[in-house]
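Same order as they appear, the protein sequences are chains S and B. Everything in the first sequence is counted per our numbering, starting at 315 for the first residue and increasing by one. Everything in the second sequence is counted per our numbering, starting at 6 for the first residue and increasing by one.
Hint data in this document are derived by calculation from the structure and do not stem from the laboratory. Hints may contain errors.
No more than 27 Å apart at the CA atoms, straight line, and that leaves these computed lysine-lysine pairs for DSS-like [as the list claims (entries may be wrong)]:
(1) S:K379 <-> B:K105
(2) S:K371 <-> S:K332
(3) S:K371 <-> B:K47
(4) B:K8 <-> S:K379
(5) S:K325 <-> S:K379
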Amino acid sequence: EAAVTQSPRSKVAVTGGKVTLSCHQTNNHDYMYWYRQDTGHGLRLIHYSYVADSTEKGDIPDGYKASRPSQENFSLILELASLSQTAVYFCASSPGQGAEQFFGPGTRLTVL
Amino acid sequence: QEKVQQSPESLIVPEGAMSSLNCTFSNSASQSIWWYQQHPGKGPEALISIFSNGNKKEGRLTVYLNRASLHVSLHIRDSQPSDSAVYLCAVSPISSNTNKVVFGTGTRLQVLP
Chain S
315 EAAVTQSPRS
325 KVAVTGGKVT
335 LSCHQTNNHD
345 YMYWYRQDTG
355 HGLRLIHYSY
365 VADSTEKGDI
375 PDGYKASRPS
385 QENFSLILEL
395 ASLSQTAVYF
405 CASSPGQGAE
415 QFFGPGTRLT
425 VL
Chain B
6 QEKVQQSPES
16 LIVPEGAMSS
26 LNCTFSNSAS
36 QSIWWYQQHP
46 GKGPEALISI
56 FSNGNKKEGR
66 LTVYLNRASL
76 HVSLHIRDSQ
86 PSDSAVYLCA
96 VSPISSNTNK
106 VVFGTGTRLQ
116 VLP
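Assemble the whole structure, with the sequences as input and the hints as a guide.
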């Protein structure tokens with residue numbers, strides 16, 4: 315059974331609308347991450363978290379918020395979606411620094 | 006900030022050949038280096054990691070790390086069509102309070118039957 319799940323798997327949003335992407339992990343990992351993947355840019359880190367109720371900015375946090383209400387759940391929030399946020403978003407979990415990351419299946423977000 | 010560059014962008018090899026992928030990084034003190042495989046429409050999956058200078062073998066995979074030249078390579082022996090995927094190099098910088106992994110842009114490998 316998949317240890318990192320994401321919902322929705324696909325989403326079409328309108329410009330200026332609010333979008334929430336959800337991630338759930340059953341790995342019992344402390345670390346969780348949100349990445350976006352665009353052609354030519356690889357995976358870029360948006361937000362991450364070490365512990366519940368705490369989040370940290372990654373390399374491209376502008377226009378995104380994150381929420382970690384429990385060890386298992388990590389959400390990515392786009393308050394005002396923009397065309398430039400069209401991408402595939404991946405969530406991952408990891409047991410520690412320098413350790414393997416376990417990825418979810420991704421969410422394809424299209425902003426129109 | 007750590008910079009990770011991968012080459013080539015794309016690689017086509019015949020079945021049974023050796024595939025060689027390269028990755029350079031900017032900080033010699035980087036903690037660990039992972040290679041991930043990503044098939045179309047899927048999330049990346051870890052293949053192999055290396056922490057110390059030298060090489061490491063796992064099955065058909067061999068990875069070489071040279072911190073002095075800031076270079077790591079992945080070699081896939083006896084490449085199979087099922088190896089066709091994007092390969093991502095990921096580097097963890099040394100830091101006391103973060104776990105920010107930096108990914109390269111990937112090498113797209115195609116193995117022809």
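Results for each hint:
Simply put, K379 (chain S) and K105 (chain B) have alpha-carbon atoms about 17 Å apart, close enough for the 27 Å limit, and the pair holds. For the hint pairing K371 (chain S) with K332 (chain S), the CA-to-CA distance comes to about 20 Å; that is within 27 Å, so the pair holds. Between K371 (chain S) and K47 (chain B) the alpha-carbon distance is near 25 Å, which keeps this suggested pair within the 27 Å criterion. At most 27 Å may separate the alpha-carbon atoms for a hinted pair to count; K8 (chain B) and K379 (chain S) meet this at roughly 25 Å.
For the hint linking K325 (chain S) to K379 (chain S), the alpha-carbon distance of about 18 Å falls within 27 Å, and the restraint holds.
Of the numbered hints stated above, none is contradicted by the structure.
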